[in-house]
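> This is what each chain is made of:
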Amino acid sequence: MSGIFLVDLIVFGLTGLGIFFSLLRFLMGPSSFERLMSVDMMNIMFVGLISLLAYVFKNTMYMDIAILYGLLAFVETIVFARYLEHHAEQPAVSSESKVGEGDVK
Amino acid sequence: MMSLIQQIIGYTLTGLGALFYFYAGLGLLKMPDFYTKLQASTKATTLGTFSMILGVGILNPSFIGKSLLLVAFIALTNPVASSLMIRAAYKNKVPTCGVTIVDEIANGGEKHD
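Protein chains in written order, with numbering that gives the first Met the number 0: chain A, 0 to 104; chain B, 0 to 112.
Derived by calculation from the structure, the hints in this document are not laboratory data. Do not take every clue at face value.
With a cut-off of at most 20 Å between alpha-carbon atoms, the simulated SDA-like pairs for lysine to any residue come out as follows [said to hold, decoys possible]:
{"hint": "1", "chain 1": "B", "residue 1": "Lys90", "chain 2": "A", "residue 2": "Ile18"}
{"hint": "2", "chain 1": "B", "residue 1": "Lys42", "chain 2": "A", "residue 2": "Ile18"}
{"hint": "3", "chain 1": "B", "residue 1": "Lys65", "chain 2": "A", "residue 2": "Leu67"}
{"hint": "4", "chain 1": "B", "residue 1": "Lys90", "chain 2": "A", "residue 2": "Ser31"}
{"hint": "5", "chain 1": "B", "residue 1": "Lys65", "chain 2": "A", "residue 2": "Ile64"}
{"hint": "6", "chain 1": "B", "residue 1": "Lys29", "chain 2": "A", "residue 2": "Pro29"}
Chain B on its own, in the form it takes in the complex:
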């Protein structure tokens, strides 16, 4: 009985992660702009990785230590990598799509060395 509940929770989490991966790919393909593409794909992929790896750790409890380590690692590195990419793109003046009207970095919102 315990194994059935464990399998239901694990497969639900894993399927949710796969669904978020699919949405991340869809957003990466269909968004009009570099910045919107990066926002959609980064957020969806981070949440999908959390869900999928925790689902694997619940399905087979001997993996739970390494899966928690992997979740912590992804949570530390993925926002840093996306922040560096968006900073490189902003410094090289990658244009936004036509409907963007607010640019807070150009108005002194954040200082770049």
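Only chain A is shown next, with the shape it has when bound in the complex:
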């Protein structure tokens, strides 16, 4: 039984690392589009994580929570993308090119 617990721990650890990297990109994203993208990715990882909690706690309620969370995350992404499409402050060309230089050239 402890081996199965270890597998659960590995799965939660890998998912938590993914969410942590996404949070890091949210904190240091150069433009607001990358912040929106990282929030969307974090929400989808949370959907998978909540459905895994349904297995661990043996409770069907968490699957309903995951479905509703996915619906709200989709609506949030749509609203923010439509807003940024028309009302973005500045394209932030200078800061974007300054950040991207170190990786490529």
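Dock chain B against chain A, hints included.
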């Protein structure tokens, strides 16, 4: 015996989903450009969610209906959301990294209202 096979398949699918989540976070952190970041993270996250939720549905068969519903929902909504994000970014002229040479939308490949 049936339960052992079921647990092996379920845990393999769940671990594969967690591994894809990890790769999605890594691609989101290390890619040089907005467009490459969005491509890497969206594809890896969609496949990881399919795998993880199907693994949960196989591990506990009383969840299989809701997990199939959730998989269908993610398959419908995730590409739409990423397409809207990349369209908003293209309209606001988010710059690509230096090595991108093909821009098919600017050459009339696709019409935006």
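> Enumerate the violated hints, using their earlier numbering and listing them in ascending order.
1
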